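S.K.: Chain by chain, the residues run as shown.
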Amino acid sequence: MSILIAVITLASISVFFGVLLGYTSVKFHVEGDPVVDKIDALLPQTQCGQCTFPGCRPYAEAIARGEANINQCPPGGEVTMLALSDLLGVEPLALDEEHADTPEKTVVYVDEQTCIGCTLCIQACPVDAILGAAKQMHTIIESECTGCDLCIPPCPVDCIHIKPVKLEQDTWCWSLPESTDTAPKA
Amino acid sequence: MTRSSNQLWHFHGGLKLDSNKAMSTSTPIVKASLPKRLVIPVQQHIGEAGELLVKVGDKVLKGQPLAESAEYVSAPIHAPTSGTVVDIDELPAPHPSGLNTLCVVIKSDGEDKWIKLKPTRYPNTKSPAELRQLIRKAGIVGLGGAAFPTAVKVNPGPEAHIETLIINGAECEPYISCDDMLMRKYAEEVISGCSIIQYMVSATYCLIAIEDNKPEAIKAIAAVIKEKALHTIEVVCIPTLYPTGGEKQLVKVLTHKEVPSDGLPSDIGLLVQNVGTAVAVHKAIILGEPLISRIVTITGDGINQAQNMEVLIGTFISELIEQSGGYHENACKLILGGPMMGFTLATDHLPVIKGSNCILVENTPQETPATMPCIRCGACATVCPAQLLPQQLFWMASSKNFDLVQDYHLFDCIECGCCAQVCPSQIPLVQYYRFAKTEIWNQERDRIKSDHARVRHDFRQARIDNEKKERAEKLRKKKELLEKKKNAEAAAKKEGNEAEVDPKKAAIEAAMKRVQDKKNAKQTSNTNADEK
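Protein sequence lines correspond, in order, to chains A and B.
Using the numbering used here, the first residue of the first sequence is number 1, and each one after it goes up by one.
Using the numbering used here, the first residue of the second sequence is number 1, and each one after it goes up by one.
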């Protein structure tokens, strides 16, 4: 008899919680993956594809699925990698040697004498930063350019060149004093 | 009596420093000779840079605006003398970065001829808004060093009620004496400027705070107040302690109130202005003159004749040094600003700008002692006037922990340098804070830019998807139409045998028939005739 009571009690409890869980999973269903949004917010949005994924969001999705490492974003550099490691609670990874330094910010410009107006670069630009029309000269809207360099390979006349972003008094940064080893160790 | 009591208070920490002011106060203010060439940077203030109003080759008059912006937080610049614009280019300007910035170069014609000025003899007849506009047009910025546009500062908003106007004549940093000398020479102008600002913000009281190491300035100002019998303006003699001249520190000393961490003095009913700014306001309103000159202290052991000079904005520092007897033979370091908060200049071939208060030439090559590790003595925390924990900030800044450093209120740091001064390990603490601040601003800019790029990328993606969808839709419609037509034709063919013939075809057939009939008729008539 007593065993029957125990079985009934446990069965009813499990039914109750089963219903509760089922209800909450419908009621509080979350559309999409919030982790992807959080990762995407940390990425530099150059949409350059250097991470081997076609854009920042696909890379964010791959990280969320666990299919990509957090050290694959060269434009983001160490700062992005550390932010990702902080967000996801994973160990920081060393960046590839060639991307170890903080990357220099660049934009591209069109050599307007050479441009033939083929519109191929316009189709390649992920952020619509190139202005032009067929057989018309093209130009880069510098303030919108993310420096992804995706427009360079399609250009048939090699008229797109890279230049560093000009440092202004407003955007200039103080450097860290040289002897950083004076910092107290944690 | 303008204050409830004569009591003064103390802010946390602070340092008693050797003032070294006497070397530049023994001679009266000298007017610098008119330079042949002036370089005026377009951006000399906090906020937006103006847009150029002149081009190379233009003749300009003294006081003519050279650049102006429609942005609210901005200040125009003016020609300091009459002459010709000979160049507009990126040139070196005094800034810790040493980077070039857009400058207007004027070759003076030696006439120093003013543009037509519009003085306002009686400021009380104008509304505060009109006076603000005049101050804005005159390009006045805070002359204490920060160079924040004054027209913005004197407009604390409709909700804020300013009870007390504080005029900052503390000038706490060693060596600098330009405000001291200005108060001695232009006491009347200071008071006039105070009255105008007081009227503009409808402040009940005005306190002019002067450190007790400037007795002559106190005397001069007090004499004018007494002579004019002004009951709402009072001189307050405050103890000499660095950095009393900091806005929040001065508020604390005078009123015992704390300015909120991320707030302004206007949040607690106060407005703080520098004495130099008050004189500039007087000149802008009463005389109609824009801000084209300022008083600069040229001092230090490395200069032969330390003095204060009235200098046109855009004059080269090298010329001022020449007029002050030149460098001492052991001169080794050129600093713009004071020894505590100034920054080293690599060259003296730079123009004086609105915020330049002092040119300090150091003599004895101060051996920079080797930096030692932090021993956590806490001396920095005891002197910090902002009540921060400098050693914690240092640790976080050097490990680039930018979130935590903000939690420890890095942005309340006024970069006064007290912590670095007392540090037994000679750690250049302020440099770490400056590094962290600019780096955080940089990251913030990057974040805004990447958010913007994301929006544009998403929009482009949506547009491409949309186009694809539209194209597919069009194709589908076209196919449907074609199908319909085919079906219709097939149906018509089927029906064509029984139903009515095409009217056109019928018409052609009818016409052919008529022709045939005619031909037949002719033939029959011909044959008939032959038979006859």
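Derived by calculation from the structure, the hints in this document are not laboratory data.
Keep in mind it's a predicted model, so treat the numbers as computed, not measured.
Honestly, I wouldn't trust all of these hints.
[Said to hold, decoys possible] Pairs of lysine-lysine, DSSO-like flavour, derived with a Cα cap of 30 angstroms:
#1 B:K137 <-> B:K126
#2 B:K55 <-> A:K163
#3 A:K166 <-> B:K55
#4 A:K166 <-> B:K474
#5 A:K38 <-> B:K137
#6 A:K135 <-> B:K474
#7 B:K505 <-> A:K163
#8 B:K474 <-> A:K105
#9 B:K505 <-> A:K38
#10 A:K163 <-> B:K485
#11 B:K468 <-> B:K437
#12 B:K126 <-> A:K163
#13 B:K469 <-> A:K135
[Unchecked claim] Over 10 angstroms on every C-beta distance to chain B, these chain A residues come out as not near it, computed from the model:
#14 V15
#15 H29
#16 E144
#17 K163
#18 L176
We put the beta carbon where it would ideally sit given N, CA and C, even for glycine.
S.K.: Now tell me, hint by hint, if it's right for this structure.
M.R.: Hints, verified against the model:
1. B:K137 <-> B:K126: holds, 15 angstroms
2. B:K55 <-> A:K163: holds, 28 angstroms
3. A:K166 <-> B:K55: holds, 24 angstroms
4. A:K166 <-> B:K474: violated, 47 angstroms
5. A:K38 <-> B:K137: violated, 46 angstroms
6. A:K135 <-> B:K474: Measuring from Cα to Cα gives roughly 27 angstroms; hence the hint holds.
7. B:K505 <-> A:K163: violated, 73 angstroms
8. B:K474 <-> A:K105: This hinted pair is violated, its Cα atoms lying about 43 angstroms apart.
9. B:K505 <-> A:K38: violated, 73 angstroms
10. A:K163 <-> B:K485: With Cα atoms ~58 angstroms apart, K163 (chain A) and K485 (chain B) exceed 30 angstroms; violated.
11. B:K468 <-> B:K437: Status violated; Cα separation ~47 angstroms.
12. B:K126 <-> A:K163: The hint is violated at about 52 angstroms.
13. B:K469 <-> A:K135: holds, 27 angstroms
14. V15: Non-interface label on V15 (chain A) holds, nearest chain B Cβ at 45 angstroms vs cutoff 10 angstroms.
15. H29: holds, 23 angstroms
16. E144: violated, 7 angstroms
17. K163: holds, 16 angstroms
18. L176: violated, 5 angstroms
Hint violations for this structure: numbers 4, 5, 7, 8, 9, 10, 11, 12, 16, 18, all remaining hints satisfied.
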